[in-house]
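Trainee: Starting from the given sequences, assemble the full structure and let the hints guide the process.
Line by line, the protein sequences give chains V and G. Take 1 as the starting number for the first sequence in our numbering and just add one per residue. Take 1001 as the starting number for the second sequence in our numbering and just add one per residue.
Keep in mind the hints are simulated off the structure, nothing from the lab. Owing to the predicted nature of the structure, the values given are computational and were not obtained by experimental measurement. By construction, the Cβ of each residue, glycine as well, lies at the ideal position given by its N, Cα and C atoms. Hints should not be assumed to be uniformly reliable.
In silico DMTMM-like pairs for lysine to aspartate or glutamate, Cα to Cα no more than 20 Å straight-line [claimed, not checked]:
| no. | chain 1 | residue 1 | chain 2 | residue 2 |
| --- | --- | --- | --- | --- |
| 1 | G | K1288 | V | E150 |
| 2 | V | K134 | V | E26 |
| 3 | V | K130 | G | D1464 |
| 4 | V | K151 | G | D1464 |
| 5 | G | K1282 | V | E139 |
| 6 | V | K163 | G | E1867 |
| 7 | G | K1869 | V | E150 |
Residues on chain V that point at chain G, a partial pick, calculated with CB under 7 Å [stated by the list, open to error]:
| no. | residue |
| --- | --- |
| 8 | P103 |
| 9 | E143 |
| 10 | E144 |
| 11 | V148 |
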Amino acid sequence: MGNKQTIFTQEQLDAYQDCTFFTRKEILRLFYRYRDLAPQLVPLDYSASPAVTLPYELIGSMPELKDNPFRQRIAEVFSEHGDGNMTLDDFLDMFSVLSEMAPRDLKAYYAFKIYDYNNDDYICKSDLEKTVNKLTRNELTPEEVSLVCEKVIYEADVDNDGKLSLADFQHMIVRAPDFLRYLVSLITTTEQEKTLPQRTNI
Amino acid sequence: MLQTSNPDFTGAEEGYSSCGQCLSTTTVHHTDTKEKEQNTDKLTLVQDGSKHVLSLRHGVDEDGNELAAGIEFDGEVETDTESEEDEVKDKKTNKQPLRETGRASRLQSKKQEKDKEEKEDKEEDESKEEDNGSQQNRASRRKNYQRRNGDGKKAREERSQKKGRGKTAPNKDQKESENKEKKTTKRGKEGENKQKKDRKNSISSSSNSSDEESLSEEELAMLKEQVEQKKKLISTMRNKPWRMVKKLSVLREAQDFVEKFEGALGKGKGKKLYAYKMMMAKKWVKFKRDFENFKTQCIPWEMKIKEVESHFGSSVASYFIFLRWMYGVNLVLFGLIFGLVIIPEVLMGMPYGSLPRKTVPRAEQATAMDFSVLWDFEGYIKYSALFYGYYNNQRTIGWLKYRLPMAYFMVGISVFGYSLMVVIRSMARNANESTTDGDDDNFIFSWKMFTSWDYLIGNPETADNKFASITTSFKESIVDEQESNKDENIHLRRFLRVLANVLIICCLCGSGYLIYFVVKRSQTFSKMQNVGWYERNEVEIVMSLLGMFCPPLFETIAALENYHPRIGLKWQLGRIFALFLGNLYTFLLALMDDVNEKLAEEDVVKNITHWTLLGHHNSSAGNDSTVTPPPLDPADVPRGPCWETTVGIEFVRLTVSDILVTYITILVGDFIRACFVRFVNYCWCWDLEAGFPSYAEFDISGNVLGLVFNQGMIWMGSFYAPGLVGINVLRLLTSMYFQCWAVMSSNVPHARVFKASKSNNFYMGLVLLILFLSLLPVAYTIMSLPPSFDCGPFSGKKRMYDVIQETIELDFPLFVAKIFSYVANPGLIIPAILLMVLTIYYLNAVSKAYQRANAELKKKMQMQREEEKNKRNNKASTNPMLQDLEDLLTPSTKTESPPKQAEDKKTESQNGTSPVGKPGRGEFLAGSPMAGGRGAAFTPPSQVFVTQPRTLGARAPHPGQPRPWGHPLGPVPGRGRGQPCYPRAAR
Chain V
1 MGNKQTIFTQ EQLDAYQDCT FFTRKEILRL FYRYRDLAPQ LVPLDYSASP
51 AVTLPYELIG SMPELKDNPF RQRIAEVFSE HGDGNMTLDD FLDMFSVLSE
101 MAPRDLKAYY AFKIYDYNND DYICKSDLEK TVNKLTRNEL TPEEVSLVCE
151 KVIYEADVDN DGKLSLADFQ HMIVRAPDFL RYLVSLITTT EQEKTLPQRT
201 NI
Chain G
1001 MLQTSNPDFT GAEEGYSSCG QCLSTTTVHH TDTKEKEQNT DKLTLVQDGS
1051 KHVLSLRHGV DEDGNELAAG IEFDGEVETD TESEEDEVKD KKTNKQPLRE
1101 TGRASRLQSK KQEKDKEEKE DKEEDESKEE DNGSQQNRAS RRKNYQRRNG
1151 DGKKAREERS QKKGRGKTAP NKDQKESENK EKKTTKRGKE GENKQKKDRK
1201 NSISSSSNSS DEESLSEEEL AMLKEQVEQK KKLISTMRNK PWRMVKKLSV
1251 LREAQDFVEK FEGALGKGKG KKLYAYKMMM AKKWVKFKRD FENFKTQCIP
1301 WEMKIKEVES HFGSSVASYF IFLRWMYGVN LVLFGLIFGL VIIPEVLMGM
1351 PYGSLPRKTV PRAEQATAMD FSVLWDFEGY IKYSALFYGY YNNQRTIGWL
1401 KYRLPMAYFM VGISVFGYSL MVVIRSMARN ANESTTDGDD DNFIFSWKMF
1451 TSWDYLIGNP ETADNKFASI TTSFKESIVD EQESNKDENI HLRRFLRVLA
1501 NVLIICCLCG SGYLIYFVVK RSQTFSKMQN VGWYERNEVE IVMSLLGMFC
1551 PPLFETIAAL ENYHPRIGLK WQLGRIFALF LGNLYTFLLA LMDDVNEKLA
1601 EEDVVKNITH WTLLGHHNSS AGNDSTVTPP PLDPADVPRG PCWETTVGIE
1651 FVRLTVSDIL VTYITILVGD FIRACFVRFV NYCWCWDLEA GFPSYAEFDI
1701 SGNVLGLVFN QGMIWMGSFY APGLVGINVL RLLTSMYFQC WAVMSSNVPH
1751 ARVFKASKSN NFYMGLVLLI LFLSLLPVAY TIMSLPPSFD CGPFSGKKRM
1801 YDVIQETIEL DFPLFVAKIF SYVANPGLII PAILLMVLTI YYLNAVSKAY
1851 QRANAELKKK MQMQREEEKN KRNNKASTNP MLQDLEDLLT PSTKTESPPK
1901 QAEDKKTESQ NGTSPVGKPG RGEFLAGSPM AGGRGAAFTP PSQVFVTQPR
1951 TLGARAPHPG QPRPWGHPLG PVPGRGRGQP CYPRAAR
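Mentor: Structure (structure tokens):
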């Protein structure tokens, strides 16, 4: 790699490395991924930190996100103004949290934010209903949805206030057996090539 | 609340500004070493006064460095851990009085600057939340010095306590300033930061000139501590849930700070080392990850299996994982048998045609190469190293003096030994794994809701499947939930289950009888000449047909039972296993009949052979006694039936036909059907895909059992047909690829995608069972049947295991034989077995006890959880009372405190804002010097407990407005679970 790249200054790269879970190589790769979304918008020189913001439509169409039912919510949580439009900083932030190196607590915190649709610092029943409907593509009947939500609140609500606080959420989620695998999105340039083969039927 | 916290705010600010001042002086001090030397001259002047100060400062030093408490400093230096530091300290003592005198003037100058700095500090505060606590500490500490120089110990204690609290407690003002920060735009803020820094630099340079007196030891310690904190902040920056902008700016500030002061502290080298360490840690993590990746890449077919799993769920993948495991085991067996038996025989044994047992008999030679004969494993294949009969009973072969019969016997045993060991070990490991995950059933729905989506899914089709499987799993759980609540018509269900079991037992008996009948018939066929292809292969055909049609029948019957699919699968597995087992054992019994017949036949042939050889010898001897007689051609020697090879051939045939049937079933039942459904659907009267034929589901139970059953035959047959394992390895290899392809191309996921049980111990249990069952007949034949007289490595011996005795007698010293004979004594074996049984009993009892204890603990935890819930409820109800109490008390605080407030501002701020009532707090308050003055104002911890969350509740949620970003993660969870109750009470 060397010092050939002229996108960032050395200080910028170091700072990004300190603020994310990525190596400089990965940061550059992420930058190219970011730029590939809109080559006409994103300049190749970021040393002056230009204020470029990509709209949600582009971010949400990334292969890592496009099949994710929560993609809009993720983009909103990580974008600066909560509208899903992302700067490069937000973009790096997002993938840093989604990387497998990120610790549980950080992931749990952001997972909480993602599920907290109305931003009131609690996951209440309406948030849960939204989550269930997104996960099942509205396949469940309203009765089933409300049953599920009630069960979730019954299980995870330690303080009996009818909604999940961050503490409740963390208490519940760090015990999940496959939580480490959860909220992980591997970003690689090879990801795009490595699409799974199509099945002949269905 | 706001009112009470106001003084804190200003206090903190003041503290911070003064602190900034000291920091700026630090550089001065350290760069100007000359001045320091000058100061040392003054040491003598202030000696008597400094003693006290020294001790105090020493405490501070410890405080700052390691917070070691408990050492008494009553006005004198009692203990000193670092003797070399003493000198430095002594040198620095003299600075204290200097500072004391100069403090007044300095404070004044500070006050002037304060206004200027106030704004800046506010902003500084937001970003340096972590340090803030300590900074405030320092500020208050300073004040305390002025007031209570004498009370060194208490002051220190206080300080350390405050520090602890300060760290956990982000202040009110921080939050306020944070809110402010949110309003500033990113761009503007960055600019501001820069400006700020410039300003700060200029201030420090100006103070350079004004504060000529250098900093003290105490300040140095603080600085050190601060630098450490900053470093920690830098290294944990990525763990902070902040926006990148904020992270970047905070990082830059922290880095600047560290860079500026680390050099001052002579820690430049340390920084390098630190950086190096960090780099190495990073590299190590990366290496570990790469290594993990490499490891997963090395696992064969991992990607293939993952692919299948992503489409068909873990239950189908579990079959392939099992297949892979089986392949591994077979590969080892293959290595054992080929490396130690077949290859030595081929390389060093007598060549083909040298012995009667290694030659095709004259009568068969004409057709020995025909495909139809070879296909039946007769002809040349029968007389090859693949079968038992080919091996010679020569004790040693080749120049290595390789003891082949011995090796043959030992390998035959170790095949079983190794298999048993592997199966049991993996079972134990699985059991361990399955017991490690504790409270599984507490959060079924929560986990399903929050962790079921796999964020790695990057393929629309997989995503579709995932949606479907999540939906079904939700539905399943809902059904379970509803079922556990109501139980309707249990009698009907019970009746249906009994009926299903009766039907299945009938099926099993019928199939068992059918096989027995067919085997009997085949024995009569084998005696007849000119039997057709069907007659010869009747047994295999019937067994394959049974294997093909019974499982679907069972499945249809099992539909009556209405089990959960996971339990249903186990039942299905058990039933098909019984079917296969019955088949297998019927087959074995028939085979035993065959063997017994062969043994009887052998006696006759033995005589004939003997006489033939003798006669040939005699006749040749009679012709001319000088020349050795030309040996009788090995092809002409009459030979016995060699029952071992017959058995081996039976197993090989069965295996091969099983492979063929499996593959053809897959091709026809899955692939052709899928093609038919797919392409004929265009011109058909009804929808084939949704309607009758549809696509096939992957038959987990059938495939698993096919594998297990097949493995049983390998174990049984491998002693008599060493080449069987090679065939099996090939089979597993091809079936891995073939079945993966078939699944992906022509199967659909199950209608109810269910999660496989974590440990596939059920499969393992089946394997263990079949291993044990297949061990029995082999052990029986080895122990109680005489080997054939003219074929195989044990020919000429009474029993096969005689080879061991022979080796011991001939190749080992005498005492070994003696020991062996003692060990083999039943008097020793029976107690050993008894001991083993007792051990098993004991261990079983112990494990039961543990299990019970485990269950008990689980129950206790559950109860505790419930209790906690109840407690919270109660607290929520009692909270208003506390609130009233607090309302009563606050006015008194206000009325009483003002006179004291001026000097106690800081301490109060510390106490008032700390959110968590620390256990040792009450004592501390009582023991603190200001306790007398503040006793009334200072309410018991419960009040503090109540007040803090309320401030939060008052300011936090604004519905409809996006929640402030950059709000730190720390305080919220750290506040304890009681927090969410309070807002409700406060409103």
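Trainee: Would you mind marking each hint as holding or not holding in the structure?
Mentor: Cross-check of the supplied hints:
no., hint, verdict
1, G/K1288 to V/E150, "violated, 42 Å"
2, V/K134 to V/E26, "violated, 31 Å"
3, V/K130 to G/D1464, "holds, 18 Å"
4, V/K151 to G/D1464, "violated, 25 Å"
5, G/K1282 to V/E139, "violated, 45 Å"
6, V/K163 to G/E1867, "holds, 19 Å"
7, G/K1869 to V/E150, "holds, 16 Å"
8, P103, "holds, 6 Å"
9, E143, "violated, 9 Å"
10, E144, "holds, 6 Å"
11, V148, "holds, 6 Å"
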